[in-house]
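Asks: Chain by chain, the residues:
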Amino acid sequence: MKKTALALLFFLGLFSVSLAQTDTSKSSFVTPPRPVTDLTAFDSNNDHGHSITLNWTPSADDGAGAKSVISYRIMRATSAGGPFEEVGLAPAGSITFKNSSSIDPASTGFIPDHTDYYYRVDATTMDTTVISSSDIAGPVQSSGQWFNKGLYPVFWAVIIFTILTVLFVFVAKKGRDLYVRPLAGIEAVDDAIGRATEMGRPILYVMGLGTASDIATIASFTILSRVAKRVAEYQTDLIVPCYDPIVMAVAQEVVKSSYMDANRPNDYNEDDVFFITQAQFAYVGAVNGIMLRELPATNIYMGKFFAESLMMAETGVVSGSIQIAGTDEIAQIPFFVVACDYTLIGEELFAASAYLGREPLLLGSLKAQDIAKAAILVLALIGIILINFGVGQDIQWMNGFRELFKVTD
Amino acid sequence: MVVQYFVPHEQSEHAKEFLLDWIIVIGIFALALGIWSLISVSMDKINKRRTNWEYSAVTLIGLVTMTFFGFTAHGDGSWWTYFIALIVLLAALWFYVQGLLSSGGKPMTNILIGAGLSAVFALITIFDNSWTFHFYTPEGLSNMMFINFFNYIMVPLQATMFALLAFFIASASYRAFRARNVLASLLLIAALIVMLRFTPGPWGDLLAKTSTWVMNVPNLAAQRAIIIGIGLGIVATALKVILGIERGYMGKG
Amino acid sequence: MELFGIWIAALLTLGIYSFLYKDNPVYKATEAIFVGVSAGYWAVVYYFDNIYKKFWEGAVTSDNPDYWMYGGAVLGLLFLTRLFPKIGWISRWPLAFIVGATAGLYMVIYFVTNAMNQTASTIMDIVARNAAGEILWMDTLGTLVILVGVVTGLVYFFFSKEHKGVFGTAAKVGTWFLMITFGASFGYTVMSRMSLFIGRMDFLMSDWLHIIK
Numbered sequence: 001m002k003k004t005a006l007a008l009l010f011f012l013g014l015f016s017v018s019l020a021q022t023d024t025s026k027s028s029f030v031t032p033p034r035p036v037t038d039l040t041a042f043d044s045n046n047d048h049g050h051s052i053t054l055n056w057t058p059s060a061d062d063g064a065g066a067k068s069v070i071s072y073r074i075m076r077a078t079s080a081g082g083p084f085e086e087v088g089l090a091p092a093g094s095i096t097f098k099n100s101s102s103i104d105p106a107s108t109g110f111i112p113d114h115t116d117y118y119y120r121v122d123a124t125t126m127d128t129t130v131i132s133s134s135d136i137a138g139p140v141q142s143s144g145q146w147f148n149k150g151l152y153p154v155f156w157a158v159i160i161f162t163i164l165t166v167l168f169v170f171v172a173k174k175g176r177d178l179y180v181r182p183l184a185g186i187e188a189v190d191d192a193i194g195r196a197t198e199m200g201r202p203i204l205y206v207m208g209l210g211t212a213s214d215i216a217t218i219a220s221f222t223i224l225s226r227v228a229k230r231v232a233e234y235q236t237d238l239i240v241p242c243y244d245p246i247v248m249a250v251a252q253e254v255v256k257s258s259y260m261d262a263n264r265p266n267d268y269n270e271d272d273v274f275f276i277t278q279a280q281f282a283y284v285g286a287v288n289g290i291m292l293r294e295l296p297a298t299n300i301y302m303g304k305f306f307a308e309s310l311m312m313a314e315t316g317v318v319s320g321s322i323q324i325a326g327t328d329e330i331a332q333i334p335f336f337v338v339a340c341d342y343t344l345i346g347e348e349l350f351a352a353s354a355y356l357g358r359e360p361l362l363l364g365s366l367k368a369q370d371i372a373k374a375a376i377l378v379l380a381l382i383g384i385i386l387i388n389f390g391v392g393q394d395i396q397w398m399n400g401f402r403e404l405f406k407v408t409d
Numbered sequence: 001m002v003v004q005y006f007v008p009h010e011q012s013e014h015a016k017e018f019l020l021d022w023i024i025v026i027g028i029f030a031l032a033l034g035i036w037s038l039i040s041v042s043m044d045k046i047n048k049r050r051t052n053w054e055y056s057a058v059t060l061i062g063l064v065t066m067t068f069f070g071f072t073a074h075g076d077g078s079w080w081t082y083f084i085a086l087i088v089l090l091a092a093l094w095f096y097v098q099g100l101l102s103s104g105g106k107p108m109t110n111i112l113i114g115a116g117l118s119a120v121f122a123l124i125t126i127f128d129n130s131w132t133f134h135f136y137t138p139e140g141l142s143n144m145m146f147i148n149f150f151n152y153i154m155v156p157l158q159a160t161m162f163a164l165l166a167f168f169i170a171s172a173s174y175r176a177f178r179a180r181n182v183l184a185s186l187l188l189i190a191a192l193i194v195m196l197r198f199t200p201g202p203w204g205d206l207l208a209k210t211s212t213w214v215m216n217v218p219n220l221a222a223q224r225a226i227i228i229g230i231g232l233g234i235v236a237t238a239l240k241v242i243l244g245i246e247r248g249y250m251g252k253g
Numbered sequence: 001m002e003l004f005g006i007w008i009a010a011l012l013t014l015g016i017y018s019f020l021y022k023d024n025p026v027y028k029a030t031e032a033i034f035v036g037v038s039a040g041y042w043a044v045v046y047y048f049d050n051i052y053k054k055f056w057e058g059a060v061t062s063d064n065p066d067y068w069m070y071g072g073a074v075l076g077l078l079f080l081t082r083l084f085p086k087i088g089w090i091s092r093w094p095l096a097f098i099v100g101a102t103a104g105l106y107m108v109i110y111f112v113t114n115a116m117n118q119t120a121s122t123i124m125d126i127v128a129r130n131a132a133g134e135i136l137w138m139d140t141l142g143t144l145v146i147l148v149g150v151v152t153g154l155v156y157f158f159f160s161k162e163h164k165g166v167f168g169t170a171a172k173v174g175t176w177f178l179m180i181t182f183g184a185s186f187g188y189t190v191m192s193r194m195s196l197f198i199g200r201m202d203f204l205m206s207d208w209l210h211i212i213k
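Chains as they are written, first to last, in my numbering: chain A, 1 to 409; chain B, 1 to 253; chain C, 1 to 213.
FYI, nobody ran anything at the bench for these hints, they're computed from the structure. A few of these clues could be false.
Unchecked claim - So these bits of chain A aren't anywhere near chain B, every CB distance computed over 12 Å: (1) R73; (2) T165; (3) R264; (4) F275.
What the hints assert, rightly or not - In silico DSS-like cross-links for lysine-lysine, where the CA-CA straight-line distance does not exceed 27 Å: (5) K45/B to K161/C; (6) K256/A to K86/C; (7) K45/B to K28/C; (8) K173/A to K161/C; (9) K172/C to K45/B; (10) K161/C to K172/C; (11) K48/B to K106/B; (12) K48/B to K161/C; (13) K45/B to K256/A; (14) K106/B to K45/B; (15) K174/A to K172/C; (16) K256/A to K48/B; (17) K67/A to K98/A; (18) K48/B to K172/C.
Stated by the list, open to error - Listing some non-contacts, in silico: residues in chain A with all C-beta distances to chain B over 10 Å: (19) K2; (20) T57; (21) T125; (22) V130; (23) T162; (24) G200; (25) I218; (26) D244; (27) A279; (28) V284; (29) E308; (30) G320; (31) S365.
Bear in mind that the values here come from a model prediction, so they are computed numbers and not experimental data. Don't be surprised by glycine CBs; every beta carbon is placed ideally from N, CA and C.
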């Protein structure tokens, strides 16, 4: 009797212990977290469509409370009743998500514009079956915007610059004399052409490796037109070897009309402006050959140049030519400065056509450039003063002033 | 295009892409004109027996040969007929262009001879199965001769020309570094510091640090000033083109 | 074949180097070969990359033809009118289109990258501090120098005012900064150009003559 009672007691004890343990394992059951609230869905701003942005207040159990939320699953459906499919995942702590796709209808996950969508955000936990869903937001449609509001500062800057240019051109047209300081490289062009005429040797004009789409090449065309006009007046020979066929075509037009302007249309020879090849070093090899064989008195390099700049300039020194160069390629300017007699640095290349023509219209736009530079200087100095001497550096609008200039796409 | 920058809408991006594509398509036609310019200038030199006319002939031979290789593919079989076809083609083109250019002399004879040679070329093309023309598929780009010409002529020549810069930079340095004034001295000192930045030895560390400072401080400052100036210059020139103030690039009229 | 190719490459290499002595028939021949072969190469590659891929595949033979491309082809054909003097003036239209379209495109892009972003970078704290809040004097000096450099550099590029007086002094300081930049860029590239030359020597000595293994 005693033994049976002891055995029963022992058994009951074991049973209770195991029951207690089972209870512990059952109490590792994850409670559903509190759901996301204030879910809003709207068409993403300033884009080309096919994108919807979601904002929400995170679950109260995300980082606080039960701290059981590990991520947010973004669910989307085409009707309020579902079925919902997962379209994305946001990590814990997120308050926003952008559901976007490419504009290609054949891409995966393509979101067509002007289609109703409904969204729901599910807070997920370690236990994949335990989630909490938010209220459904929608219907919402995506569409493209016609104006990128994020680029407002750029827009206004461009408008102001355009107005300034037009203003100064107007002033110039009225006949007011606009002063520009002398540029050594430009003043040398006339002398150089005269020298070539005296020596009976041609002038070599190299427009570089740019295409007709490069603004530096366009600036070079304007300079070429003025050089060609003087060349026509002095009846000197002009050689213009071209790297790009479109540039060749435009250069032919430019030189032809310059000769017509100088009343010497018959002196124009279309073979003066010719195409060589579109390989960088083959082009420069041929130009070097021309320099050594034709022995031009003056070499003018205006446009976009790359590694070949030094090769041409040095060969020009060997052949005894006066060299005037201008480029906006910062890496090549040092080589031209070292090897050429005169160099137009960066912006001076773009100003050159105004200098050579002295037309009021062009001088006017040069003034606008100067005003813009002054404005940039002043604004930068103001910005620096504000940043450095401002009372406390966390004042939003002071940093905002700097941010005005930072433009990211 | 200015408008396009501010308009992120899909249609405007499409517009930008097709406008840029148009420029490329026009470029193809321009290339045809460019090659024609090269051919006519070279032929002119050859016909008038100007100095160095022989080299213009070499240029043209190189041009036609490479183009021939690029548009044909050779399968199995003898290479002889392939090269004979190339020579016949070169001869035919020679006579054709002689006939077309007025300075060629006896134009009809030249064109007739050219036509005869073209017929021979056509016969070879039809009856020789070892090689074929490919204009609609880029098989010519894998033609062994095309690749060989690229690897053994173009690549070494490009590399060598580039390497010539070593000599040019040495001669330029020699001339530039005769410091005659303050500015030239500044250029010289800055160049020396940066040039010697990797020198090992006791001075090496100091040079490296100074060089880094020079690159990051004064160099950066002046570059920024130049870049701002260039940016404004570009915008101003572009604006002048758009507003029609600057017409020099089109010739007047 | 490869041996033959290497010999050709080596001879052409030496032909180019003969230029350093003076202009000679070998260099002239090498240059002529280079121009001809490269013109032919780029013509073929350009044809296949653009006419074939873009136009033929994109506009003519594809399932989803891009009809807009035909517009480009029309402009291109107009361009070819240059060959005929009487109607050559028509070719100005495609040229004007190219220049205008890209002028517009680049105008704003360059304004943003060159002018606005650079200005943003210039507006910065002069006094540099480390994490503990102590003033870093070298960095502060550096920032001040950058500021002076940018301002004087911009002053140098002013076209409207003569470089006299205070303005002239500022412009002069600007030219000093410019010279330092040019010297630094120059020095920076010297060594890389030298290594190119070493590369060619390596080809001649080891691949061709097998003097160096």
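Asks: Please name the hints from earlier in the document that this structure breaks, with their numbers sorted from lowest to highest.
Replies: 2, 4, 5, 9, 12, 15, 18, 23, 25, 26, 27, 28, 29, 31
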